[in-house]
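K.L.:
Each chain, letter by letter, is given below.
Number of protein chains: 2
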Amino acid sequence: MTLRQIGEEKLLTRILPHLPANRRVIVRAGDDCAVVRFRGAGDLLLLKSDCVVEGVHFTRKTPAPAAGWKAMMRPLSDFAAMSGVPEFALITIVISGDKQESWLRQFYRGLNRAAKRFNVAIVGGETGDTNGSTAVSVSVAGYAEPRRWVGRNGGKMNDDLFVTGELGGAIRLRHLNFVPRLAEARWLTRFFDIHAMIDLSDGLGSDLPRLARASNLSFVVNEKALPIAPGCSAQQAISDGEDYELLFALSPRDRAKLEASWKRKFPTIRLSCIGRLVRRTTSHDRTIPPGYVHFQQRR
Amino acid sequence: MTLRQIGEEKLLTRILPHLPANRRVIVRAGDDCAVVRFRGAGDLLLLKSDCVVEGVHFTRKTPAPAAGWKAMMRPLSDFAAMSGVPEFALITIVISGDKQESWLRQFYRGLNRAAKRFNVAIVGGETGDTNGSTAVSVSVAGYAEPRRWVGRNGGKMNDDLFVTGELGGAIRLRHLNFVPRLAEARWLTRFFDIHAMIDLSDGLGSDLPRLARASNLSFVVNEKALPIAPGCSAQQAISDGEDYELLFALSPRDRAKLEASWKRKFPTIRLSCIGRLVRRTTSHDRTIPPGYVHFQQRR
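Heads up: the protein sequence lines correspond to chains A and B, in order.
Under numbering that gives the first Met the number 0, the first sequence has 296 at position 297, and the numbering climbs by one with no breaks.
Under numbering that gives the first Met the number 0, the second sequence has 243 at position 244, and the numbering climbs by one with no breaks.
Here chain A stands alone, though its shape is the one from the complex (with noise of 0.2 Å):
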């Protein structure tokens, strides 16, 4: 059976089980971000790599700090999905001899400045050869406080959903500017209690699955709740992606409380109620048509 065939998460699920781990391995594979102990230091550690392929999740017309700034936000991303802290990364980049060195000092130029953004390190850089399509893959370590890293397997039920900013059409544009929603992520558990999180990358529709089946629950959605971004569809806003939107579950008891403590902090930034976390019911898992999965739908 081919890759293509199978799909990214279930090869992974199929795969990844079967490595070693060890006793200082608190989360691996399956969340956002890995969460490991280190030396005795009172932080966890942090460790998340993603990467970003020419033909996938830029073209040859994006501009090549665009790409960058991508390239270095999206496990940027993860982190602010566990409430984690970014500080280190590394870049590795595989990519045609034949590019010109100016594309690789621009690539460089938006890898910089968002690392910049978020104060975090870059320790070091690799280049690979390759006749295909420029790849990159950047891996960073970080910290989050024992007790303020949030996994996607803590919902409880009957807890409600939030969703930060406007959700859908990504694409066209914000998908290469995003800002991750670290700040935002970082005085969530500074303040409240939040059960699980994740950030919306694939799409509502494949991500809001994801969060409940890890807290072993199911969901219903408020579909005229749903945050849409202006000139798009609810279809868009569940399944486009690319949003990097947090999507978290708290208590309803500390509903209220969030809702007004939000709009004092962050007045310009959306935040929306879109449903909550119910019994596991296999009818419930379909509500939601499901995001892009990389293998069987290419952008």
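In case anyone wonders, no lab produced these hints; they're calculated from the structure.
Being a predicted model, the structure only gives us computed values, none of them experimental.
Backbone N, C-alpha and C fix where the C-beta goes; we use that ideal spot for every residue, glycine too.
Treat each hint with caution, since some may be false.
Stated by the list, open to error - With a straight-line Cα cutoff of 20 Å, these simulated EDC-like cross-link-like pairs (lysine to aspartate or glutamate) come out:
{"no.": "1", "chain 1": "A", "residue 1": "LYS9", "chain 2": "B", "residue 2": "ASP192"}
{"no.": "2", "chain 1": "B", "residue 1": "LYS155", "chain 2": "B", "residue 2": "ASP97"}
{"no.": "3", "chain 1": "A", "residue 1": "LYS9", "chain 2": "B", "residue 2": "GLU100"}
{"no.": "4", "chain 1": "A", "residue 1": "LYS9", "chain 2": "B", "residue 2": "GLU125"}
{"no.": "5", "chain 1": "B", "residue 1": "LYS9", "chain 2": "A", "residue 2": "GLU125"}
{"no.": "6", "chain 1": "B", "residue 1": "LYS9", "chain 2": "A", "residue 2": "GLU100"}
Said to hold, decoys possible - If the Cβ cut is set under 10 Å, some of the chain B residues that face chain A in the computed set are:
{"no.": "7", "residue": "ARG3"}
{"no.": "8", "residue": "ARG13"}
{"no.": "9", "residue": "ASP97"}
{"no.": "10", "residue": "GLN235"}
Given chain A's structure and the hints, the job is docking chain B onto it.
P.N.:
This is chain B only, laid out in the frame that chain A set:
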């Protein structure tokens, strides 16, 4: 100018110094691993990414488990070069959706076996789609004690230069099944004051000048002392590359003790004093012809 015309090393020295660092960074690009401080931990955090590309580091005919083994062992060899201990790995695989799942499973089997050999936990995996050659980036995090990590730049004038194992001919087979010198490196820094160390991935002809330059010195090599692998010429020992042996610098005062202890501890592994570090002069820098350089010469 194209990337091939420039060459990887020059390229990175042009781009990387302009990237953001911060006070937590002790060593960044330019050594085998990055070395950083992490959240008050007594030990230092070491980070390294390395990638292998089909058609460059392995071929379509390479058994998938052997390619996976190599992909993992390359960055672990960089840990050996700094006397670090690898602990966690993230895998990024950029691969065509047309590839068979069985290939990827077998590749992961090799990654897995290599990781287990050194108690490294694979904590994350990601795949991306490409129309070109398969490329795999392995990012490793681990530690070294503040007094025990070794960089390239600590060589002192008149230091003896030692090489472990034998050099040359690795491309025939050894490049696919080598075992990085992690145990040997840790033993060396436990009992000896190693001034500078590097792993021989690009060949002695490239890596020795790197160590010498980083230490702001030059070198002399006694060609008769080179540990040439059976069936190889001196030229091959110097420039084949992919030996993944250690090259290190040590005070001549410690030589006799090292040679005696090594023989007892590692009776089956050769240890050769191949030359010494000397005052920097331009003429010495050309004693050894260079190994291969990415973009300029393909394998």
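K.L.:
Hint by hint, work out which the structure violates, then give me just those numbers in ascending order.
P.N.:
1, 2, 10
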